[in-house]
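Full structure from sequences and hints, please.
For what it's worth, the UniProt record's numbering labels the leading residue of the sequence shown as 1, then goes sequentially.
Hint data in this document are derived by calculation from the structure and do not stem from the laboratory. This structure is a prediction, so every number in the text was calculated from the model and none was measured.
Derived lysine-lysine pairs resembling DSBU-like cross-links, with alpha carbons at most 30 Å apart:
#1 LYS42 x LYS142
#2 LYS91 x LYS130
#3 LYS130 x LYS57
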Amino acid sequence: MIRILQDDDQAQWRALWTEYLNFDGSTLDAAVHDHTWTRLLKEGEPMHCALALAGGKAVGFAHYIFHPSTWSLSNSCYLQDLFVAPTVRGKGYGRALIAHVCEQAAAAGSSRVYWQTQEDNAPAIALYEKVAERSGYIQFRKSVPS
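What follows is the structure, given as structure tokens:
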């Protein structure tokens, strides 16, 4: 089952979010966790979260963001984070989360959903190649002083 994040999901979301960050080798300040949680629930924010549930327990999530595009008259949807707990991978939760995000994007009038993954994440790439097409682009990042 896939559903939108709710106020009482914080403990389960935070546990999955932390597991995802650990999987990615990332750490964030507690203030970022708190701010992200607040934004995911705040009405009018372009940032959203869907949870995958198994037996009433959260086992995965998708964070997605709607934004304007210079390539289209409609908005785009960026699937920023997708995570499924290792114990339930391969059972369709990732595919269901992607489908949910695509449904939400269509309902919001977005013309596309896009995402990225680590180039060595073979299981994720295998799934993504079944549900979407490679863009052919390589992403670059540069931190800037704030």
